[in-house]
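Protein chains in written order, with my numbering: chain G, 1 to 161; chain C, 1 to 195.
Please note that a few of the clues may not be correct.
Quick list of the computed label-pair ranges, beta carbon to beta carbon [what the hints assert, rightly or not]:
#1 G/A80 with C/A129: 48 to 54 Å
#2 C/Q11 with G/D13: 39 to 45 Å
#3 G/D57 with C/L92: 25 to 31 Å
#4 G/E70 with C/N87: 16 to 22 Å
#5 C/Q136 with G/T77: 36 to 42 Å
#6 C/Q11 with G/A80: 27 to 33 Å
#7 G/E79 with C/A129: 47 to 53 Å
#8 G/F65 with C/Q136: 28 to 34 Å
#9 G/L105 with C/K93: 44 to 50 Å
#10 G/E70 with C/E159: 45 to 51 Å
Over the 12 Å line for every Cβ pair with chain C, so calculated as not near, a few chain G residues [claimed, not checked]:
#11 P25
#12 N28
#13 A29
#14 S30
#15 V31
#16 L32
#17 H34
#18 L35
#19 S37
#20 C38
#21 A39
#22 K53
#23 K74
#24 E79
#25 I108
Keep in mind that the hints were calculated from the coordinates and are not lab data.
Glycine included, each C-beta is placed from N, C-alpha and C at the ideal position.
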Amino acid sequence: MDKKMKKSCNVTDLISPFIDGELSPKDNASVLQHLESCAICRKEYDALKSVDKLLCDIKPLEPSFDFAREFWKKVDTLEAKKSRWSILKNLSWGWRPALGAVAALLVIASGSVIYYRSAPTTLDPTGMLIAENITLYSDYEIINSLELLENWEEIITLEEI
Amino acid sequence: MPLKSTDPDVQLMLRFKNGDEDGFRKLFSKYQTRIINFCFRFCSDRVLAEDLAQEVFLRVYRAANRYRPKARFSTWIYRIAVNVCLNESRKLKKRYVTQSIDQSMSDDQNNRLPEYRDENQVSADDKMASRQRDKQIKKALQNLPEQQRMAVLLRIYNEFSYNEIASQMSVSEGKVKTLIFRGRQTLKQALQGLI
Ligand SMILES: [Zn+2]
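Kindly generate the complete structure, drawing on both the sequences and the hints.
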């Protein structure tokens, strides 16, 4: 068949991985040799190289002036939450058995307040701290589990890299 | 088994893991522009891109305790960036689908992100031809289905190998090859006038 009349070539599909250096040494060598004699593949090669170049010619963005500042603000917020939670976590390890009792006491105490508004409740300060933060503590446990789930795929795949 | 890496960025991350925040600061400063641009090329919205990039660095920051080097640091951070961008895209698509539940959509549209606000839209129109050209290229990129766009970005701008891209996108190497091939073909058609 006359080469000038040829409209397609079965090597053309290899041009993209050839440009990316993803062919085996043997295929790479044969595409390289083929390019010398095939106008269709040469045209494809030039066109794909131009596409890559056009994309790379676009000037990259510079970060906004407050990008880093905003980021460190987010880190500060994260650290503040973490330190609150770790205080609570440390407290709660020692107090875990008592936690349920305190919660129950709190329910009873609030019940009492509703029924007998006159009776003041007395709790020790640590107990009060745990009681006040009991919702926060369960949020912490939920968030911790979510983070683990969120990163699970990442962790598994990274093991395989 | 943890990799005995000579990658200086892995060493910086390990320093951070051991409590030296300077390691993280150096990585932040080295990668901030690249990650912002990666996100921007994916979503074409500067404000959103910076938010996404901050999320990427926050995840790196939070992951320090669990960090075990198994690959180049850049492979790892871009994997996080891929996840962050695709998550955002899913969220936006969900909102978009909910909003246009009564509208009929073509299969092609289903594969694309909703149209993002293009920060440069106004200025590009009344500037020089090179700005017009940039706009056309960005649009062509934006019109690619998101997986093709992601693979093309990772390859053409960041020069990751197919193997690395496969791990970053959680797909096979064969799929990466196809995504990049198709992405380039579509871009070639869309940018015909510029080639
Ligand atoms: Zn050929």
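Structure-based check of each hint:
| no. | hint | in the structure |
| --- | --- | --- |
| 1 | G/A80 with C/A129: 48 to 54 Å | holds, 51 Å |
| 2 | C/Q11 with G/D13: 39 to 45 Å | holds, 41 Å |
| 3 | G/D57 with C/L92: 25 to 31 Å | holds, 28 Å |
| 4 | G/E70 with C/N87: 16 to 22 Å | holds, 20 Å |
| 5 | C/Q136 with G/T77: 36 to 42 Å | holds, 40 Å |
| 6 | C/Q11 with G/A80: 27 to 33 Å | holds, 29 Å |
| 7 | G/E79 with C/A129: 47 to 53 Å | holds, 49 Å |
| 8 | G/F65 with C/Q136: 28 to 34 Å | holds, 29 Å |
| 9 | G/L105 with C/K93: 44 to 50 Å | holds, 49 Å |
| 10 | G/E70 with C/E159: 45 to 51 Å | violated, 29 Å |
| 11 | P25 | holds, 15 Å |
| 12 | N28 | holds, 14 Å |
| 13 | A29 | holds, 19 Å |
| 14 | S30 | holds, 17 Å |
| 15 | V31 | holds, 14 Å |
| 16 | L32 | holds, 19 Å |
| 17 | H34 | holds, 17 Å |
| 18 | L35 | holds, 17 Å |
| 19 | S37 | holds, 22 Å |
| 20 | C38 | holds, 17 Å |
| 21 | A39 | holds, 16 Å |
| 22 | K53 | violated, 9 Å |
| 23 | K74 | violated, 6 Å |
| 24 | E79 | violated, 9 Å |
| 25 | I108 | holds, 39 Å |
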